[in-house]
Amino acid sequence: MNSIKQQLMNLFKKQSDLTTILLFAAGVLTMPIWLDPIGANYPDLLQKFVIFGIFAVGYNILFGLTGYLSFGHAVFLGVGSYTAVWSFKLFTMNVLPAMLFATLISGLIAAAIGFVSMRRSGIYFSILTLAFAQMFYNLAYSVLIPITNGETGLQLRMHDIRIIDNYFSDPAPGLPSTELFGMSMNGYSGFYFCAVVLILAFYVAMKIFRSPFGMKLKAIKSNQHRMRYTGSDTRPYLITAFIISGMFAGLAGALLAVTDPLAGAERMQWTASGEVILMTILGGVGTLFGPLLGVGIIKYLENIFSTINESVLQQFFSFLPQWGENFMVAIVSPFVGDGWHLTLGILFMIIIIFLPGGLMEGFQKIKKRYLTKGVKDSESTTKQE
Amino acid sequence: MDSILIQLLNGLDKGAAYALIALGLTLVFGTLGVVNFAHGALFLMGAFCAVTFQKILTISKKVLDPSITYFDAYIEQPYLELWFGETGLAVIDWAVPLSIIVTIPTMLLIGLAMERGLIRHFYKRTHAEQILVTFGLAIVLQEIIRHFFGANPIPTPAPDIVSGSAAIGTWIGLGENFVYPWWRLIYLASATVIISSVFAFLHLTTFGMVVRAGMFDRQMVAFLGINVQRKFTIIFGLAAVVAGVAGAMYAPIVPPDYHMGMDFLVISFVIVVVGGMGSVRGAVAAGFLLGILQSLASMTVVSSLLPGIDQIIIYLVAVIILLTRPRGLMGRKGIGE
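From first to last, the protein sequence lines are chains A and B.
The numbers in the numbering used here rise by one with no breaks, and the one at position 19 of the first sequence is 19.
The numbers in the numbering used here rise by one with no breaks, and the one at position 132 of the second sequence is 517.
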């Protein structure tokens with residue numbers, strides 16, 4: 001009994017990078033199996049899990065490690081999508097160049113925005129990123145319409161140039177679909193591809209978390225002034241962190257376009273940035289797995305809640321007497337379907353009020369309470385801050 | 386010339402709305418030290434106070450239409466008209482100005498409840514957490530509004546007598562073509578009145594003096610035996626009232642819909658930051674400044690020179706000001722960094 005506990009503890013306490021990533025990879029790749037019982041096993045949702053997972057993991061590198069709250073990360077998601085779709089339109093339907101371009105261009109834009117915004121801190125930083133985000137969003141609907149196609153969104157067309165593809169073969173009839181060397185990126189293959197990307201992204205994030213660079217970022221979060229007094233200039237680190245998280249977001253945006261080649265400016269709205277903040281917080285800011293957990297929960301609940309309608313509710317409460325059924329349906333119906341955002345807002349408030357460290361903090365607390373013997377968790381890598 | 390003047394008026398008008406929201410926002414930040422992302426939602430609630438009031442006044446009964454005699458046709462007739470005749474109709478016509486009487490106590494209550502129930506527990510938390518929790522609250526309030534009023538804008542007309550345009554051109558000798566809507570002029574005038582009364586309140590009363598002292602050094606004021614907490618609760622209520630009245634009066638200008646709060650919130654936050662966090666004067670100045678700049682940038686002359694400038698001018702100016710004057714126009718050191 002004791003030894004099992006010990007083993008468990010060892011597992012939790014100090015995993016090597018390799019075990020973590022292997023466990024993680026196994027967990028992600030088997031998602032279709034273990035998510036089946038809760039009804040989340042279909043490609044569309046699975047793709048969302050992993051894509052927004054990448055987004056949140058990247059966001060966490062900035063917000064979780066340095067504490068800088070950016071309200072503009074949706075821009076990089078949007079830029080990534082647009083770049084990817086343009087790559088599909090101009091060059092080839094192969095997804096690799098699209099992802100490469102998307103990551104690079106969003107990295108460049110992140111560098112520009114980060115260079116300016118990182119001159120300030122605190123609320124001023126948040127507002128600066130918000131201002132940039134709004135600029136991009138507004139421009140996407142006005143001047144940049146030739147690039148973004150305005151409200152319709154950027155789509156694939158029959159007469160797109162697609163230089164590389166058309167050079168090698170005649171265009172097939174109908175709209176082509178995204179592919180990786182002939183493998184179509186729809187359905188499960190799309191999911192597995194995104195999952196592999198997520199695992200790679202997670203590996204990079206983990207390496208960053210456990211590197212001297214990551215330690216510097218954490219030091220900035222805990223006390224920037226002290227950091228400066230000891231002689232390190234924090235600015236290059238902050239900008240680098242901003243660029244890296246922007247590139248993650250761009251990659252996620254590209255994958256959104258890979259699974260569904262369409263890009264719209266609503267992806268860049270500041271409430272979309274709010275959503276990723278929410279996911280990160282819900283899971284646990286500054287922890288490795290927390291953001292992924294948050295993504296999973298929010299996307300799953302969104303999926304469930306927004307599809308429930310009155311008749312489903314009536315069925316659900318049909319065991320009650322008629323008046324009870326009507327009563328329950330009347331009470332619950334504002335929170336489902338279109339009212340999903342209401343539930344989301346309430347959930348968000350509850351988490352921030354009672355559990356500002358997110359669910360991972362909650363787990364830590366529970367773990368501490370029940371498994372305290374023999375654990376010195378000062379070395380625990382998932383510890384806060 | 387005319388078009389510049391018109392845009393100047395438009396800008397003053399927009400600036401008035403921005404300034405009214407930003408005023409409350411910066412007041413709350415300066416005193417309570419709370420970054421309130423739900424302030425836009427208060428503006429929204431104010432606008433929907435006007436909408437609700439109008440809806441209540443126009444609760445109608447189906448009555449037989451006397452003008453159609455071939456068959457039974459029914460028309461909706463408000464109870465107020467049935468009971469009071471012409472007077473009732475006049476009351477309905479004046480719904481928006483009258484709604485302010487209801488808006489003030491309602492918003493005061495909402496503000497006090499919000500401060501007591503939520504904001505108070507976040508004084509000691511980080512700014513990031515304050516932003517996030519109030520952001521959540523803003524979503525909740527907005528969704529509640531959407532649940533009850535739907536997603537479409539609800540037209541809320543101003544009284545008939547002021548729904549036309551004022552012939553400003555003939556007054557100042559610029560020709561008859563130069564006209565401006567009455568209600569917008571009224572909005573500008575009342576905004577000026579509200580802003581000046583807030584300033585008078587802050588600078589001429591003892592309460593205002595305590596509040597200003599509290600903005601300067603909260604702990605010291607508390608040491609002097611003043612119940613800062615209660616004063617701050619009242620300040621929050623006041624900010625809510627200002628935002629609410631701004632919203633109610635704005636309803637005839639742009640038909641309110643459920644996301645108008647969020648739309649205004651972002652801009653007014655930018656304004657507060659440009660003015661300097663916690664500086665009331667800065668917020669008002671920045672509000673009018675950015676409102677006017679935005680309107681001037683939307684002139685055809687300007688937008689043909691720099692396409693798209695009208696969409697981003699506010700944010701562009703904000704970025705430039707924040708980079709050249711790091712704490713905004715009138716901000717103090719060490720706040721919100």
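Read the hints as simulated data drawn from the structure, not as lab findings.
Just so it is clear, CB atoms sit at the ideal spot from N, CA and C, and this is done for glycine as well.
There's no promise every hint is true.
With a straight-line Cα cutoff of 27 Å, these simulated DSSO-like cross-link-like pairs (lysine-lysine) come out [said to hold, decoys possible]:
| # | chain 1 | residue 1 | chain 2 | residue 2 |
| --- | --- | --- | --- | --- |
| 1 | B | Lys509 | A | Lys365 |
| 2 | A | Lys368 | B | Lys509 |
| 3 | A | Lys207 | A | Lys221 |
| 4 | A | Lys365 | A | Lys207 |
| 5 | A | Lys221 | A | Lys89 |
| 6 | A | Lys218 | A | Lys365 |
| 7 | A | Lys221 | A | Lys367 |
| 8 | B | Lys616 | B | Lys509 |
| 9 | B | Lys616 | A | Lys218 |
| 10 | A | Lys218 | A | Lys207 |
| 11 | B | Lys616 | A | Lys221 |
| 12 | A | Lys218 | A | Lys89 |
A few chain A residues facing chain B, derived, Cβ under 8 Å [as the list claims (entries may be wrong)]:
| # | residue |
| --- | --- |
| 13 | Ile123 |
| 14 | Ser126 |
| 15 | Gly274 |
| 16 | Ile304 |
| 17 | Ser306 |
| 18 | Ile308 |
| 19 | Asn309 |
| 20 | Val312 |
| 21 | Leu313 |
| 22 | Gly345 |
| 23 | Phe354 |
| 24 | Leu355 |
Here is what the structure says about each hint:
Pair hint Lys509 of chain B plus Lys365 of chain A holds up; C-alpha atoms about 22 Å apart against a cutoff of 27 Å. Of the supplied pair hints, the one linking Lys368 of chain A and Lys509 of chain B holds, its CA atoms being roughly 26 Å apart against a limit of 27 Å. About 18 Å separates the Cα atoms of Lys207 of chain A and Lys221 of chain A, which keeps this hinted pair within 27 Å; it holds. The suggested pairing of Lys365 of chain A with Lys207 of chain A holds, with an alpha-carbon distance near 26 Å, which does not exceed 27 Å.
At roughly 42 Å between alpha-carbon atoms, Lys221 of chain A and Lys89 of chain A are farther apart than 27 Å, so this suggested pair is violated. Between the alpha carbons of Lys218 of chain A and Lys365 of chain A the distance comes to roughly 21 Å, so the proposed pair stays at or under 27 Å and holds. Restraint check for Lys221 of chain A and Lys367 of chain A: the C-alpha separation of about 25 Å stays at or below 27 Å, so the hint holds. For a cut-off of 27 Å, the pair hint linking Lys616 of chain B to Lys509 of chain B stands: about 18 Å separates their Cα positions.
A hinted pair counts as satisfied when its Cα atoms are at most 27 Å apart, and Lys616 of chain B with Lys218 of chain A does not qualify at roughly 38 Å. The straight-line distance between the Cα atoms of Lys218 of chain A and Lys207 of chain A is roughly 14 Å, inside the 27 Å bound, and the hint therefore holds. Our distance criterion of 27 Å between C-alpha atoms is broken by Lys616 of chain B and Lys221 of chain A, whose separation comes to about 34 Å. For a cut-off of 27 Å, the pair hint linking Lys218 of chain A to Lys89 of chain A is broken: about 41 Å separates their Cα positions.
Evaluation of the Ile123 of chain A hint against chain B yields a held restraint, the C-beta minimum of about 4 Å falling below 8 Å. Nearest Cβ of chain B to the Cβ of Ser126 of chain A: about 7 Å, under the 8 Å cut. The hint holds. Taken as an interface hint, Gly274 of chain A checks out: its beta carbon lies about 6 Å from the nearest beta carbon of chain B, inside 8 Å. Of the supplied interface hints, the one on Ile304 of chain A is violated, with its beta-carbon coming no nearer than about 17 Å to a beta-carbon of chain B, more than 8 Å.
For Ser306 of chain A, the interface hint is violated, since its Cβ never comes within 8 Å of a Cβ in chain B; the closest pair sits about 13 Å apart. Taking 8 Å as the C-beta cut-off, the interface hint given for Ile308 of chain A is violated, the closest approach to chain B being about 15 Å. For the restraint placing Asn309 of chain A at the interface with chain B, the shortest Cβ-Cβ distance is roughly 15 Å, beyond the 8 Å limit, so the hint is violated. At a threshold of 8 Å, the smallest CB-CB gap from Val312 of chain A to chain B is about 18 Å, leaving the interface hint violated.
About 15 Å separates the beta-carbon of Leu313 of chain A from the nearest beta-carbon of chain B, more than 8 Å, and the hint is not met. The criterion of a C-beta within 8 Å of any C-beta in chain B is met by Gly345 of chain A, whose closest approach is roughly 3 Å, and the hint holds. The criterion of a C-beta within 8 Å of any C-beta in chain B is not met by Phe354 of chain A, whose closest approach is roughly 10 Å, and the hint is violated. Because the beta carbon of Leu355 of chain A sits about 11 Å from the nearest beta carbon in chain B, more than 8 Å, this interface hint is broken.
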